[in-house]
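Heads up: the sequence lines are chains A and B, in that order. The opening residue of the first sequence carries number 269 in our numbering; numbering runs sequentially from there. The opening residue of the second sequence carries number 221 in our numbering; numbering runs sequentially from there.
Keep in mind that the hints are not guaranteed to be accurate.
[Unchecked claim] Restricting the straight-line Cα-Cα distance to at most 20 Å, the calculated cross-link-like pairs of lysine to any residue (SDA-like) are:
{"hint": "1", "chain 1": "B", "residue 1": "K290", "chain 2": "A", "residue 2": "D465"}
{"hint": "2", "chain 1": "A", "residue 1": "K374", "chain 2": "B", "residue 2": "P291"}
{"hint": "3", "chain 1": "A", "residue 1": "K374", "chain 2": "B", "residue 2": "G289"}
{"hint": "4", "chain 1": "A", "residue 1": "K568", "chain 2": "B", "residue 2": "K357"}
{"hint": "5", "chain 1": "A", "residue 1": "K568", "chain 2": "B", "residue 2": "G276"}
{"hint": "6", "chain 1": "B", "residue 1": "K290", "chain 2": "A", "residue 2": "R457"}
{"hint": "7", "chain 1": "A", "residue 1": "K419", "chain 2": "A", "residue 2": "I295"}
{"hint": "8", "chain 1": "B", "residue 1": "K290", "chain 2": "A", "residue 2": "K568"}
{"hint": "9", "chain 1": "B", "residue 1": "K357", "chain 2": "A", "residue 2": "K419"}
Don't read these hints as lab results, they were simulated from the structure.
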Amino acid sequence: MVKAIDNRWWLAAAVAGFAALPWGLGIYHQHVLIVSLFYVMMTASWNLLAGYTGQVSFGHAAFAGIGAYASGILATKVGLNPWLGVGAGTLAAAVFGFLLGVLCLKMGGIYLSLTTLGFSEILHIIINNEYEITRGTMGLQVPGLIAEYSKLAYFYIFLAGAIITLAVVHRLIHANIGLNFRAVQNDERAAAALGVDVVRVRVLAFTVSSALAGMAGALYGHYLLLITPQIPSLDQQFLVLSMTVIGGLGSFAGPVIGAFGLEILSEYIRAYGEYHVLAFGLVALIVARFAPRGLVGVWKQFMDRRRPAA
Amino acid sequence: MALLEGRRLSKRFGGVQALTEVDFAVEAGAIVGLIGPNGAGKTTLFNIVAGALPPGEGQVVFDGWPITGKPAFRICRRGIARTFQVTRPFGEMTCLENVAVAIVNRRPDLGRAAWGPMAMEYLEAVGLGALAETAAKHLNVIQKKRLEIARALATEPKLLMLDEVLGGLNTQEIQEAVGFIRDLRDTRGLTVFWIEHVMGAIMQAAEKVIVLDQGRVLMVGTPKAVVADERVISAYLGT
Ligand SMILES: Nc1ncnc2c1ncn2[C@@H]1O[C@H](COP(=O)(O)OP(=O)(O)OP(=O)(O)O)[C@@H](O)[C@H]1O
Ligand SMILES: [Mg+2]
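Chain B extracted, bound-state conformation:
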């Protein structure tokens, strides 16, 4: 069954048609990749699902609920967490406080004594434990991406939407990250919707890949089928 479904989503920015009648589905418990050349509309799709942008036409249904046009915080509380491609840390706050924001809005009853250790666990899970008391503005790009993931996980979502979290990592680190994300799915039953330019990672982790090109769905299939497809290859080479 689809946990997340988009029906005929269209979005226009002035003269740019960023999405055109996009249909897609993300099955519960799956890792679904979203790929496509630069400017294909991937982040725009995430923004509309997460309520970060007003929708154009079409509908988004999550877990049986129509969430089109709902405010971002409500969508988050329903169970969708997303990371930002261009990271958005709370710069003046410590890493621990960054994660705490996600916890206290889910559990307002928790005081610092309770959320402190919880936030620490999420930070440790992404390898930022040692930087808990560091202001987020001092992190490097890779650490900021990890913080994005820690915060997203701290909302305890059903669906995790990752927007290019592997940029800047070496092969070894990519392997670890892929293992980490698969582990989240396997042990926590998380569903993952994942935008990534690192094809190797998507090939390994995803069961299904959606390819966007110039705002339209070019194809949907297994990773193998997708990389072998001529339309996909020419879309990438064409840009």
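The following block holds chain A by itself, in its conformation from the complex:
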């Protein structure tokens, strides 16, 4: 108990320290932090699905796109308040996630990967062709979340979004449903034999994960003020995947570390061309093969070695 309280203080101190960070930074670095926080939302929610239930969705960026475009279109066509738009975008992603989940999760893991990949492509085609509504590759100009544009304000909005995302993930994995997630990931036949409704557990994880991606995407769109097909692109998808895998799939801290690490790194290597996503993908492949628990796993192993078990 004492230890739990201790941890909470550490966490509060870390968050407070982080919250003070942008005050000492210029606009460019504030931007990098905001984008990093967007990726924290994306990786943490993707990890909920891939890391804790073992289902690989290639549609996470697509769901972010649904959130962004739903909110953006509602704002431009109906004049909906962007904050309500973020809610609507989250809901839209949840509904799509639920329907897609019900459609394909009965058939098992690999079908989710294939279906979400297809879904991604279809969404891409729709966005490019429905120029009147989406403005295609030109991008859709949307209003911001706050009247007066301020990077600092956006930083705190994104920080709140990341904390909400992490809190939802934390709650779920530590509740009974988290046991079911892991049971399904470890052995779905054994789980079913013990009374776990495997399909329901998967659909739930997929719906929540997609909804959180929708929220992240909606916020991101209203930050960039221009929504382009870059948000729901496969590039983006593989970046999120690489961040999570390199940081540590199936661990709580891994996606956060991966998101910050790779976003900051990509700012440095962007000068060498747009191949960094490809490079990250290759690194992620190597990590998945030799250190499936990512940087967090390597760190834990290192600490365990230093303190040999009693």
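Fit chain B with the ligands to the given chain A structure using the hints.
This is chain B with the ligands only, laid out in the frame that chain A set:
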């Protein structure tokens, strides 16, 4: 009265006819043995009853309910628990969490503070108390089989289906295990359907034995009658 009944069950895997028109009954409160040479179709029969495999032809009735083709988790929640011959632990989870999965799907209202001690009781019952916090992948084969039993019991079933849980045990341990299973029946009123190659155990524990051979019921009778039967002896020697 029969708690579990199979009527004309048939199952084919491609070219292999694993079960052919199998009729059987497991009486409430009984320990019923299921024996037969390797490949006779015993595990297949369990898989169909438990909903782990799509059924071929025929019907399974449990406690008055037709359960043929129902999903495994529903059959479990109706009161049938099974162990896997080739154990299927949740390797990355602790033994305690392995058992907890069975508890929380029966009692979703329980939090960790409540299911922790309950799960511990099931682990202690099978002698795994000391390994509660160990990841299941680190257990040896015998311990994994015990974990299978603990998890199955934690679903609080009416019918417990055991698939070769005694493999690897010595005579002394087999005696203890038989005592344990009989005790479950006597004190908890559990019905037991038990596949076992260790004939001595079935001889001691079961009231009735069903013999399968090449997917057909070869004979049904008391353990004594079964081991004395020539067809049974030649079926075993023939393989
Ligand atoms: N899922 C499956 N797919 C294909 N064939 C299978 C499958 N399960 C079982 N079989 C085949 O069905 C037959 C019966 O197998 P089963 O496992 O039921 O036998 P068993 O009586 O349990 O044998 P053992 O005593 O060796 O465990 C075998 O020929 C086996 O190869
Ligand atoms: Mg078998």
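A quick look at each hint next to the structure:
| no. | hint | in the structure |
| --- | --- | --- |
| 1 | B:K290 x A:D465 | holds, 12 Å |
| 2 | A:K374 x B:P291 | holds, 11 Å |
| 3 | A:K374 x B:G289 | holds, 15 Å |
| 4 | A:K568 x B:K357 | holds, 18 Å |
| 5 | A:K568 x B:G276 | violated, 49 Å |
| 6 | B:K290 x A:R457 | holds, 14 Å |
| 7 | A:K419 x A:I295 | holds, 7 Å |
| 8 | B:K290 x A:K568 | violated, 43 Å |
| 9 | B:K357 x A:K419 | violated, 49 Å |
The structure fails hints 5, 8, 9 (numbered hints given earlier, in ascending order).
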